[in-house]
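A.B. asks: Heads up: the sequence shown at position 118 corresponds to 119 in the working numbering, and the numbers run straight through without jumps.
Honestly, the hints are just simulated from the structure, not real lab data.
Fair warning: this is a prediction, and the values are worked out from it, not measured in the lab.
One thing to keep in mind: the hints can contain errors.
Unchecked claim - The following label-pair restraints were derived from C-beta to C-beta distances:
| id | residue 1 | residue 2 | range |
| --- | --- | --- | --- |
| 1 | 26 | 133 | 52 to 58 Å |
| 2 | 142 | 108 | 17 to 23 Å |
| 3 | 49 | 103 | 21 to 27 Å |
| 4 | 51 | 88 | 16 to 22 Å |
Think of the CB as a built atom: it goes at the ideal place given N, C-alpha and C, for glycine as much as any other residue.
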Amino acid sequence: YNDVGGLVLSAVATLLSLAGLLSVVLYPRRRHVRPPLIYSPFVRRLQGSVTPQVPDFELSLGIDAARLLNVSGRSLLLSGWSPASGNAWLRTRTAGGQPLARLAAGETAYLSPWSPTSGGPSEGVRLWYAREGDDTTYLFRADWANTWVPPGLADQGERVLN
C-alpha cells in the first residue's frame with residue numbers, strides 16, 4: 002500500500018510540475034505597465050504649476066467674456082480658470098457655451114460667465130492647463146489695470162501678462 006501511495010503522489014507532483022512549466026512557457030507573465038498619471042482638472046490646480054516664459058495664449062476682453070486663442074502650436078488640455086480677484090473654479094467654454102477641455106492649436110476658448118468690467122481696479126484671470134503629452138501643470142496669468150475705473154479712483158498697476 003505504501004508503494005502505491007508514493008507512486009500516485011509522485012505522479013501527481015510530476016503532472017503539476019509539467020502543468021506549471023507549460024503555463025510559464027505558453028503564457029508568459031505580462032509586465033504591468035503603469036499608465037501615465039491622469040489628473041482630474043481640479044487636482045491640477047492643487048499641485049504646483051509653472052508659468053511659461055512665453056505665453057501659450059492670446060487674451061482678448063469682451064463685455065460678457067474673455068476670449069483665449071491658443072497660439073502655442075500644440076494642443077492644450079484646459080483644467081479650469083478663475084478671476085484673479087476670486088477663488089473660483091470655472092470651466093472654459095466654446096463659443097456656443099459648451100464646456101471645453103481640449104483646445105487645439107489656433108482654436109479659441111471663452112472664459113464665461115464673467116465680465117471684465119465687474120472686477121475691482123486690479124483684475125485679471127488665471128488659467129490652469131497642460132500641454133498635450135506633458136504632465137506639467139502650467140498657469141496662464143493675465144493681470145491688468147482697468148481702464149473703466151470710476152473717476153476719482155487711482156488706477157492701480159499696469160497690465161502684465163505672465
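A.B. asks: Holds or violated: 21 to 27 Å for the Cβ distance of residue 49 and residue 103?
C.D. replies: Distance hint for residue 49, residue 103 holds at roughly 22 Å.
A.B. asks: Taking the beta carbons of residue 26 and residue 133, is their distance inside 52 to 58 Å?
C.D. replies: The hinted range 52 to 58 Å is violated for residue 26 and residue 133, with Cβ atoms some 41 Å apart.
A.B. asks: Hint says 16 to 22 Å; check whether the CB-CB distance for residue 51 and residue 88 agrees.
C.D. replies: Holds, at about 21 Å.
A.B. asks: Okay, residue 142 versus residue 108 on CB: inside 17 to 23 Å?
C.D. replies: Hint holds: Cβ distance 21 Å, inside 17 to 23 Å.
Against the hints set out earlier in the document, a violation occurs for number 1 only.
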